[in-house]
Each structure stands twice: as C-alpha cells, then as structure tokens.
Amino acid sequence: MIISLNHYLVLSAFLFCIGVAGVLTRKNAIIIFASIELMLNAVNLSFIAFARHWGDAGGQIFVFFSLVVAAAEVAVGLAIIVVLFRHKETINIDDVNLMRW
Amino acid sequence: MNFGPIFLFLIAAGGVVFVALFLNRMLAPRKPNPEKLSTYECGEEAVGSPWIRFNTRFYVIALIFLVFDVEVLFLFPWAVNLKSLGMFAWIEMAVFIIILSVGLAYVWAKRDLEWIKPDSDEIQAALRQSSQTITDK
Amino acid sequence: MNITYNLPAIGTQLVLGAGVILVLLADLLTGKKNRDVAYQTTLTVLVLAGIICVMKWGSAGAGFGGQVFGDGFASFFNLAFLAIAFLVVFNSPNYLKRNEIDHGEYYMLILIAVLGMTFMSSAGDLLIFFLGLETMSISLYVLAGFHKSRARSNESSLKYLLLGAFFTGFLLYGIALIYGQVGSTNLADITSYLAGSANPLGGYMGVGLALLLVGLLFKMAVVPFHFWSPDVYDGAPTPVTAFMSAAPKAAAFAAALRIFYDPAISLGLPWDKTLWIAAALTITLGNFAALAQSSIKRMLAYSSITHAGYLMIGLAAGNELGASGMLYYLFTYGFMNVGAFTIAWLVNRRGEGNYLLSDFAQLGSRNPVMALLMSIFMLSLTGIPPLAGFFGKLYVFSAGVKAGLIWLVVIAVLNSVVSVFYYLRVMVIMYMREEEGLKDLEKAPTVAITAILCGLVILLLGLFPGPLLDLARESVLSLL
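Chains as they are written, first to last, in this note's numbering: chain A, 1 to 101; chain B, 1 to 137; chain C, 1 to 480.
Isolated chain A, as found in the complex (with noise of 0.2 angstroms):
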C-alpha cells in the first residue's frame, strides 16, 4: 500500500474534526483546551503534507511558528484558567456564567 498526499489530508481532516467534537462536547476547561491544541496539530499534520508534496520548505516553516504560536496560547491559557480555578474553585465552563446574552 502507498501511503499518498491523501492519506494524510484524510488523517489530518479526522483528527481536526475530532478536536472540533471535543471542544464542542466536553466541559472542562483544560480538556477543551487539549482539543483546541489537537485541532492544530491535524493542521500542522496538513502543512507537512502539502510541504512535502510541494517539495517546498515554506509550509514546514510554517509549522514551526504554529507550534510556537500553540505554545504561547497554552501558557497564556493555563494561566487563565489557574486564576480562574483560584476564584471559583472550578473549571466546569458551565459554571463560567456570570454574563449571558
């Protein structure tokens, strides 16, 4: 079996749509954000693909600062949710709703 660009893309699809379903579904707050992180990494999985099937270093770059980028909004997001946890003893997002629409 030959592993082509498709296969790949076809992974990459799942596993976005998989963090899609995640952040959709789930409640807490650091899985969510584990889901996000899973999201663009099935992104970076595509880049590679493409990079590869373009025989280009561009999209390779690329996800090198998509990493970078996912690393900073980790650390930004975790902090948020440490002073959040501090307030309200949870990280439940249904319970995040001192202000609706």
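Relax, there's no trap hidden among the hints.
Reference excerpt, derived from the structure (chain C facing chain A, CB under 7 angstroms, subset only):
#	residue
1	Val142
2	Lys148
3	Leu162
4	Tyr173
5	Thr185
Think about it this way: if two alpha-carbon atoms lie no more than 27 angstroms apart in a straight line, the pair counts; the simulated DSS-like pairs of lysine-lysine are:
#	chain 1	residue 1	chain 2	residue 2
6	C	Lys32	C	Lys148
7	C	Lys273	C	Lys402
8	B	Lys110	C	Lys97
9	C	Lys148	A	Lys88
10	C	Lys97	A	Lys88
11	C	Lys148	A	Lys27
12	C	Lys148	C	Lys97
13	A	Lys88	B	Lys110
Don't read these hints as lab results, they were simulated from the structure. For each residue, glycine too, the CB sits at the ideal point set by N, CA and C.
Assemble the complex: chain A is given as a structure, and chains B and C must be docked to it using the hints.
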C-alpha cells in the same frame, strides 16, 4: 513505501501483549489479602489518596519551561544553515536570544523561578509569626 | 541567497518591538515605587513609532522578499492603531489606580498588541499575517483578564481565549489548504494563482478561503461569529474594552482588505453574496440587541457589532470607494469609541461590573463639557452630519449602491434610523432625567484631555472630510 509488514508487526505485537496478560491471569494463583492489595510504594506505607490537587505552582513552572523549550526550536534550523545565511541571520538570532533572556530576567525578577514566592502575603505572615516566636524565646 | 531586507519597511514595528523590551525593563527597575516610568516610556514609544510611520509614509516599499509591505495602506492603518493606543494609554493610569490593578505589564501588553496589529496591516504573506494576528490576540486575552481579582474579568478572558483559539484552528486550516493548492503562502502568489486559474475555487482553494474568512469574521465580530463580543467587552477592564472595540477590529478589516481586496479576486469569487447575508444579519441583530441593553458597556458592545456590519458593506462592494470609505470609517470610529468608553468609566459610580445608562443622569448640569462630548460621540455613532460618523457611513453606503447592493443599503439605512433610538437615549438621560444623591465626577485631567481630543478629531474630520478621504483613497491604490 510498503507499510504492509509494519501492519503485520503491529498485530503481532498486540497479540503478544494480549497472550502474555491472558496466560498470566489463567496460570497465576490468586490468594488476595489486605497486605497484598495495598499500593506498593517502594516499601513505604501509602498515606492518603493519590487523587489530590496538585499545587498550582507546578503549572507556572511547567509553563515557563514550555515557552522557553519551544522557542529554542528556532535555533536548530538556524544553526544548520548559519553559514549560508550570513551575518544578518546571526544578528537576527542574537536579537531573538536577547528577547528571550529579557523574558527570563523578567520571570526571575518576579521571583517565579522560586518554589515559594517570598512576597506572597501568607508566606510573609508566616515568616513574621516564626520570627516573633524566635524573639519571644 | 540574496534577499533585500529593507529594514525601513518595518520601521514602525522595530520601534514598537524595542519599546516592548524597554518598557518591560524600565518597569522591572522602577516598578517598586510607581508606574510613571513605564507609562511615560510607553507614550514616548508610541509617539516615536508614529513619527517614523509618518516620515516613511508609503515610501518604504516591500521588505524581506515581499513578506512585509511598508506601503501607504500599512502606514494609514499603523497610524490609526498608534493613535488609538496612545489615547487609551494616556488616560489609563487613572482607571488602573482606581481599580488597584496598576501593573506595568498593562503598558507592555498594549504595545505588544499594537505590534501584532501593525504586522497584520503590512503583511505580504499569510505567515506574517498569522503571526501578527496571534501576537495581537494573545496579548488581548491577557488584557481582557487583567483585573485578576474580578470574576467577570476572568470569565471574559476565558471566553475570549477558548473561542479565539478555537477559531484560530479554523483560520490555520484555511491557510493550510490555500498553501496546499497554491504551493506558497505569499499573497502575491495567491493572487496570481486566483487570477490565472479557470476555476479559482477548485481543489482545496474554496474551502481554504472560506475557513480563512471565518477566522477573520470572528475577529471582526460579525454575525454568526459575534456571540463572544458582548461578554468579552463587558467583562474586560473598560480602557481595554475601548481598545479592543476599535483597534483589533480595524486590524481584522485591514487584513481582510490585504488578502481579499483585488479586482481579480473579488470578480472571480461569490464574494458579495456571501458577505451580503452576513452584513444584513450583523447590522440588524446588533441593532436590536443594543436596544434592549441597560448597561452602557453592553450597549456599546452591540453597537460595535452593528458598525462591523456597516463596514462589511464596504467589503462586500469590493470597489475602490468601498475600500477607501472603510479606511475613513475605521479611522474615525476608533476615536468615537475610545471617547465614549472613556467617559463611560469616568461617569460610572457603582464600580466595575455595574455600568448603567442611568449613571449618566443629570450629566448635562453636573459636567456640561463631558455631556457635550458624549453627545458628540453618540451623534457621530448615529451618523448625524456634519460629524465624522456621517461621512464614514455615507461613503460606505454609496459604495454599496455603486456595486448594486441596493437592498443591503436600504436595510442598513433603516437600521441607522432604529439606532437613533438607543444612541439618543443616552442624551435624553444626560439632559432630562433627574435623580437624587449624585456626586460630582472625579477630577481626571487625562480623561478630559482624551475625550476633548477625540471630540475635536471627530468634529474636524466631519467638517473637513476631504483630506482624510483622499489619503484613504491613495492608501487603497497602493494595495494593487
């Protein structure tokens, strides 16, 4: 590339694990007593539940590590290509590292590298209390 | 390898970047005593960056092999971001001290956010655009939660972060698919691919562009991706809200124009039909939700959704008048919003988290100058001539008519009439309502100066809209 053998290998590996665990279950004698069922902690008595909340300081330290760890990622491709990139890339990376060092200096000056933050209110209160007792004695 | 770096193309960004480090170090060294050094350094950096931006106006050209552009378009938006940031920072110490969140990091984060925005407006590559967007967003997440001890601020920050990161995923996926189709993330390559292709939306391109657009619409807070903005704006510290409602929105529109504004692109895509629906929904929903609010902060939040809808008309029109009208609109809108939010927190007397329209009662007799300025902002947001808000709407609407979006413009005009009700309600409360036991306003010279400056700019740009519009038109031409 042909991934067929790898797939067979994966199945074989899974099978070995399954068979080993299953045979163990079948053959081993089962005579449980409370001593055997307790958690093994290198011979120490286990105290309390392991399902406790971690100190949030772990998060802070981990986050600081994570950020610096990932930023260093940029050094690898730069180091490989340094000769062909020339002087400008060298200066760029120097600036990048200076920015990172400023970040580290910031964390250091804010005392987030220390496990116990000396300027938190509770610690200060505790310190005052203990120095009080020492002087009282 | 020979790349022309052309550092002047990112002169403004270099000053801002150096400024971030400088403010951080200055605050570390002097922060124990007070924040004055950090505050003054920040203002100096913003002014310096503004001077560089004006000196190199539109003449710096492309830098780093076409990755960034120092063209007129970038200069126009950079100046707008710097002006908004300057006004917000200028009156912040008062607010920060009042709420006991007077930390030096505030100034640094604002500078970082502005740095991200300047990269968004001058990006020549989707990579630079993405990095600029994230630099801006991540510092805004922190700024929204800057009031650490208040649960509402935490909540605002968490909502912004989770939703923002979620939509970043979509945006990034869009970029990946575009890269997959074109083989490059450079905007010039993408444009020439779209122009040269018989079926521009074939392959991964259609989905890629759609996902990229979704990410941008989220940052603009356009329906159906608006749900975060009232809560985030409500919970964030008010100067941050003023900043967030003006600058990042402008940055998102700047990036959208950078990426999508090209006749070759807008002709080939089902552009106007997609945006038509989004614009109509945004305007109507924002307006009717604003009618129901009793908090001035939430009212202004919904009003900013409505204004994003008006701006969408310019984007949907896709012609030169629309684009230059958007530039004019965004520039003046920043001043109106910063002015209105600044007066709102000065007038507020129940503490954070409890902004009521009734706080404005009797402001007309308590402080006539502030009441007059607030009236100017409200009238300008409504779009009453001869204030700047009127001309912004006029240009954008006439661009819509020119592009044949007659019904969309009709909807927008009808909605403008509805909006008179909630904007003028503030004035009615200020001048007509009597209430017992009102205190005098706190003496805050920086706030007064900010509000007066904003009011003057709106009045002047309303009386003499020509020069700014010409500048906007020139800037748009530099995009092509």
